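Given the coordinates of chain B, work out where chain S should sit on it, guided by the hints.
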Amino acid sequence: MRYVSFKISTKLIILLILSALAPLLIYGAISIHISRKAYFQSALAGNKQVAVRAAEQIELYLEKNLDILSGLANNINRIYLTQWQKEIMIKNYAINFEGFKKICLLDGAGQEVATSNLEEKLSDRSGEEFFQSAIQGNAYFSEVFISDNLVPSIIIALPIKRLNSIDGVIAGEIDLSDMWKLIDSIRIGEKGIALVVSKSGLLIAHGDNERKQDVFKQKRLHDLTIVKTVLQGEEAALTYKNEAGLQVLGVGYPVTLLNWGVIIEQPTSEAFLIAARMTRILSISIVIVLVIMIIIGIAGGKRSVKPIYELIGATRVIASGDLRKKVKVSTGDEFEELADSFNLMSDKLIMLQKESRLNERWSIFARIAAGLVHDLKHPIKNIENCSNLILRLYNDQDYRRLFHESVQKEFRNINRFLSNLHNLTHPDPIATIALNLKTALSEIISLYENETKQKEIEVKLISPAQNLRILADKFLFDRIIKNLMTNAIEAMPRGGLLSITLSEDKYSQAKSVHDGCRNSESIHGKPGKDISGIDKSRRGVSGKVLSGHYEPGINRSSQDKSVHRLGSAEISIEDTGRGIPKERVDTLFTDYISTKRKGLGLGLAVTKKNVSELGGTITVESEPGKGSIFTLSFPLFAVSG
Amino acid sequence: MHSKRLVTLVLPAILILVQISCSNRENQKQAKPFGDTLIIGSVGKARTLNPALEDSGVSAQVKDIIFDGLIRIGEKGEILPCLAVQWEKDEEGREWDFHLRKGVRFHDGHPFTADDVAFTFNLDIAPNIRSPYSQILSQIKKVRVKDLYTVTIRLTEPSTSFIYDLVLGILPKHLLEGKDLRRTQFNYKPIGTGPFRLIRWSPDKIELGANQDYFLGRPYLDGVVVKLFKNKNIVWANLMKGEIDAFQNLKPCAYDRIGKVSHLKVYSYLMSYYHLIVFNLDDPLFKDRRVRLALNYAIDKDTIIKKVLRGRGDICSGTILADSWAFNPQVKPFPYNPQKALELLAKAGWQDTDGDHILDKDKQPFEFQLLLCEGFDEIDAATLMIMEQLSNIGVKVRIKILPLEVLNREHLYTKNFGAVFIFINSDVDPDKSYRFWHSSQIKSGFNFSSYHNPLIDRLLDQGRHTSNQEQRKRIYDQFQEEMKKDPPGIFCFWRESLLGVHKRFHGVRTSPYQMYKGIRKWYVPLDERLRP
Chain B
1 MRYVSFKIST KLIILLILSA LAPLLIYGAI SIHISRKAYF QSALAGNKQV AVRAAEQIEL
61 YLEKNLDILS GLANNINRIY LTQWQKEIMI KNYAINFEGF KKICLLDGAG QEVATSNLEE
121 KLSDRSGEEF FQSAIQGNAY FSEVFISDNL VPSIIIALPI KRLNSIDGVI AGEIDLSDMW
181 KLIDSIRIGE KGIALVVSKS GLLIAHGDNE RKQDVFKQKR LHDLTIVKTV LQGEEAALTY
241 KNEAGLQVLG VGYPVTLLNW GVIIEQPTSE AFLIAARMTR ILSISIVIVL VIMIIIGIAG
301 GKRSVKPIYE LIGATRVIAS GDLRKKVKVS TGDEFEELAD SFNLMSDKLI MLQKESRLNE
361 RWSIFARIAA GLVHDLKHPI KNIENCSNLI LRLYNDQDYR RLFHESVQKE FRNINRFLSN
421 LHNLTHPDPI ATIALNLKTA LSEIISLYEN ETKQKEIEVK LISPAQNLRI LADKFLFDRI
481 IKNLMTNAIE AMPRGGLLSI TLSEDKYSQA KSVHDGCRNS ESIHGKPGKD ISGIDKSRRG
541 VSGKVLSGHY EPGINRSSQD KSVHRLGSAE ISIEDTGRGI PKERVDTLFT DYISTKRKGL
601 GLGLAVTKKN VSELGGTITV ESEPGKGSIF TLSFPLFAVS G
Chain S
642 MHSKRLVTLV LPAILILVQI SCSNRENQKQ AKPFGDTLII GSVGKARTLN PALEDSGVSA
702 QVKDIIFDGL IRIGEKGEIL PCLAVQWEKD EEGREWDFHL RKGVRFHDGH PFTADDVAFT
762 FNLDIAPNIR SPYSQILSQI KKVRVKDLYT VTIRLTEPST SFIYDLVLGI LPKHLLEGKD
822 LRRTQFNYKP IGTGPFRLIR WSPDKIELGA NQDYFLGRPY LDGVVVKLFK NKNIVWANLM
882 KGEIDAFQNL KPCAYDRIGK VSHLKVYSYL MSYYHLIVFN LDDPLFKDRR VRLALNYAID
942 KDTIIKKVLR GRGDICSGTI LADSWAFNPQ VKPFPYNPQK ALELLAKAGW QDTDGDHILD
1002 KDKQPFEFQL LLCEGFDEID AATLMIMEQL SNIGVKVRIK ILPLEVLNRE HLYTKNFGAV
1062 FIFINSDVDP DKSYRFWHSS QIKSGFNFSS YHNPLIDRLL DQGRHTSNQE QRKRIYDQFQ
1122 EEMKKDPPGI FCFWRESLLG VHKRFHGVRT SPYQMYKGIR KWYVPLDERL RP
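Top to bottom, those sequences are chains B and S. Those letters in the first sequence? Residues 1 to 641, per the working numbering, in order. Those letters in the second sequence? Residues 642 to 1173, per the working numbering, in order.
So that you can see chain B by itself, here it is in the shape it has in the complex:
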């Protein structure tokens, strides 16, 4: 699963769109649906009304023709008329009611008595259905048939009654294309038309001019669902593809008199025009609103989250240390408040920073002052005391010697302190030589012989390895060891054991053997020769200068590399003094500014610095009351042979 994370602005836009658009869409969909339904219903209802009216009119049309015949039947019977007069009357009816293609008067036996035809050939029609039905006393409508003239026609017939008995039949053939005018007059909208089908599904009339010729082609529509339904005497309403392939809304209504059907067809595109138009308008407006909202969302979202970006930027600036960074937001909302708070915060930060700097300075200053006082007070006090005594005890030979020693000692202390102070801030340039550790250590120990004897301190140098060498500045190295020894001696005012152990890190050595050649080469090749002269002249140190002056830290990595590959030498200086309180162990090498200590304690800080300059490390283990072990580790310098 992958989760996509959006920016806040995107989230805002999505939220905006969802919260505003979703209801809009739902509303749109519902209203479209409802309106479609409503329009469908109203179109349906309207068209159905037309269909009903059309069916009525068709029935009226048929009944009218029946009435005409019946009127003629009454007249022809009521009065005594000559054959010729009957003929004139029938012909007159036929010419005046033009739907009648032919009218004929039959006697009780089915023999034509008179016809509207101009010719006088009268025939026997007793065998025909219309006669047989009408002579029984029924009004007769034939099924639709195609006449000799190729048009759909029907025959209607009526019995002629005289004195309650039937003594003849009057019949008329109606050319149904006469009904066209009626059908053509039925129009819905622009394209809604009516069509009429007979009982058998034969197309009788079609209101669509394009399809009128289908009537002459004697098209049968009985396969259409709507026609089927209507011919079963039921009304029908559905949409379908008509013969011309057009999607239409069809409403059918039966013409019950003759089992015909009238169908109102209207292209759905027109019937549902309003609904379609409304749908379109609604859809378009939804799209427009959507677009507007997206635009507003994007613009507004960007604008509203712009302060956030500004705040983010400002935070970064502040994080990088520039507390003066200010955010400008004037949106008048929570963002502005946030920005104001932010600005206030940064102001306060600046103040706090200033304050804390000031405080720090003060405290440093106080501590330095205290340290100075602490470190210098003792020797000065000693000197003062000695000076006070010297006047009185001037003649005391011993005392003068003591005075001399004491004052010397205190000045040494003061010098050492000042020198450390100086060293801390102004490091001497270093000139490295390959230093035999055992020799160097022995030399230093011998320097303290008097002092240790005096303080009953036994000094042991344990050196299993004979020829361990490191690359170091002799002066610095001496200072480190001296510092540590002085501390150790001071830690044992009542005597003790000071053991100095020199050892080699085996693992590193094994490695160094392996890589030895190459590394020595690289050390040979790389170092600059330029400064060697300077160092020689300044230091006057004998020995082969293999390396130039290294600024601490700069080339450290390459030096480190060679150190590790060559293995390292470890020097541990162990005393049995009072030890160091636990809480101080961790910051032992750094807290010369710490207030927890009375003096400046520059010694160890300087030592640590010097060790680093020589590419070594220093660690301490201590148990209060039992003693401390300082362990130094320097990269070995291997000389072949």
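For the record, the hints were derived by calculation from the structure and aren't laboratory data.
Capping the alpha-carbon separation at 27 angstroms, the derived lysine-lysine pairs in DSS-like fashion look like this:
1) B:K102 x S:K1041
2) S:K928 x S:K988
3) B:K453 x B:K438
4) B:K219 x S:K906
5) S:K1144 x S:K906
6) B:K219 x S:K868
Partial list, derived from the structure: chain B residues whose beta carbon lies under 10 angstroms from chain S:
7) T82
8) Q85
9) M89
10) K91
11) A94
12) I95
13) K101
14) S116
15) S147
16) D148
17) N149
18) V151
19) V215
20) F216
21) K217
Because the structure is a prediction, the values reported are computed rather than measured. By construction, the Cβ of each residue, glycine as well, lies at the ideal position given by its N, Cα and C atoms.
For chain S alone, coordinates are given in the frame of chain B:
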């Protein structure tokens, strides 16, 4: 040989002729495509396609596009050159010189020359043949071939109207010389110079193909087929179905319905045929001028036009179309006035004495038989109304409907009738009335009614021989007045020809004076073409 007493065509049946023309369009020479076939529906039968024998019905339509005359009639009744390109007459109008078109060939490839013209106008037509050519032949004294393309016609009497008869088709001498006109193969395989030539002829249709070399340009259509049907209703149904492309005799009610059918276009124009019931004046019943006047008053022509023609016609007051220069507007049609009719009849001795609602005189009822030609629904319908209207004044009419040939042969030509409902071509020139109403035309001409009015005779003679237009106008004005005073029958109406044509045909023009010849200019745009 009475063939010199020449009578021209007429007859009910001639109706057909739709005048479709495009003569004015000739300058619009945009590229019209060739192709498609026109199927015309028609009622009746064709017996021969020889223009010298047939003057009516389908034959008359078809021969009109197979044959050409020396002249043709333009859309507005103007005379246009056809096979003759130029002509001159002497001052008197007795001798005419015609300069013929060169390079014209008959459908069989034989060149057309002055010999063919001379042959045509020297035809010896037996008197028992009622030929449309009789009238003109009777007027011609001599035809002389001046050279291959010039012919001189000398008339028996000077005539100004003679030229109008020259629309009659010129026959090919090389095919007809020495043949019996009535039995020649030519009658069934006509060869003319016209825009279409006969391809096939079966009982139910006549197929014609375009004459590719027609001298006025080949017709746009590839062919014309005339399909024959039993009656107008069937033609109409076939037109609606799309089985045929054109029908030129729609019933007014059908015309209104057709107008709504999308694949058809309808055209109408007033035809130059006056519809009238002609009385046989040899019949004692109609001898009395008062009786004839009375019957004219008894007919409500306005109602007939309104009901039968649905207003698509004009009331008729005489033999000259209102469009014509010769028409006399002073001569008003008879108003419908049955009282006046009864008065006139009473004066003539006709009254209902026995109370049977039928007039009688000398115990004889006023009863006559009216003959109708088969297939003309408007006439049938009008007749129904006329019967009823006449029955209102106590006149009994019996109807008999006959096929055209039977009507002509057994009744009109033999004057075996009481009354007949026909329509007669009024044509461009009023001289046309000569053939029908001049007493000289009684015996073998077209004066079927045996109308004899000395004044009318004199006026018709004068009109024929007078070349001064104003004088002629006065003569024919007087002719029309006299005709109304002494009507040969009941003048009923002028009728519109109602033409329905498939909408793909363009260039259809209608005019009372041009017949089928206009079909030459019909065309179908490529994308609308229907029949290969």
